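Number of protein chains: 2
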Amino acid sequence: MIFENDLVFIEIEPSEIPWVKVFTRREIKEFSECTTEEKLEIFRIIDIVEKQMISYFKADKINIASFGNMLPHVHWHIMARFKQDSHFPEPMWGQKQRQSNLTLPNFEVFFKELGGCL
Amino acid sequence: MIFENDLVFIEIEPSEIPWVKVFTRREIKEFSECTTEEKLEIFRIIDIVEKQMISYFKADKINIASFGNMLPHVHWHIMARFKQDSHFPEPMWGQKQRQSNLTLPNFEVFFKELGGCL
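So the sequences go chain by chain: A and B. For the first sequence, the working numbering gives the first residue as 56, with consecutive numbering after it. For the second sequence, the working numbering gives the first residue as 56, with consecutive numbering after it.
It is worth saying that the hints were derived from the structure and are not from the lab. One thing to keep in mind: the hints can contain errors.
You can't tell identical chains apart in this list, so a pair holds if it fits in one copy or across any two.
[Stated by the list, open to error] Keeping only pairs whose Cα atoms sit at most 30 Å apart, straight-line, the calculated DSSO-like set for lysine-lysine is:
1) K167 - K76
2) K106 - K94
3) K138 - K167
4) K76 - K151
Please read all numbers here as calculations on a predicted model, not as lab measurements.
Extracted from the complex, chain A is given alone in its bound form:
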């Protein structure tokens, strides 16, 4: 976990790419069931994570998604994508395109810095 407050917490998804998941602390099934406070907090975090991923990793694109089909607890994925990653331009849930050969700046440093920005 890299961040938490009364409304949300953020976990790292272990992956070849920088990927975090933002969960509501309350177990809510659908995003529209969130309070305004929870929605705004999620949007604030998406905005900051996206900017930090672009600036630190020079990501080619940021992907954002909220599915929750298997785990019906509102959570948002935020992923930094790169033209050379294993799935680009497919979503990370799509068909693998190639063997990834990414050399990216240190993830640990990024996640620590990110926690400090939130």
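Since chain A is already given, all that's left is putting chain B on it; use the hints.
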């Protein structure tokens, strides 16, 4: 197109499931580059579309995603998902799970009503 204003427009994605795409009118690459007005308008629309999809289709889950890897113009997918659809519980970009055999209420009526709610 089922809705448009100065900030966004909404298109239908033809599919076995109810699926719409919300585009910013300006050609922006990343969500964090949107103005606060654009962001709030997108969130307002996601919220309404999600609620309407749940109420009209009795969807099992709503999926929301913004990738833009192929088309680097900010757009959000909002999809009503059903346990019997072709990909559930995988995302629609994932591996097909079964031949879909959905019988859903009329899509045209839904999209027309949805346009009126926005």
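Verification of the supplied hints:
1. K167 - K76: within (15 Å within a copy, 34 Å between copies)
2. K106 - K94: Classified as both; 19 Å inside a copy, 15 Å across copies.
3. K138 - K167: within (25 Å within a copy, 39 Å between copies)
4. K76 - K151: Cα proximity of K76 and K151: in one copy and across copies (21 Å, 24 Å).
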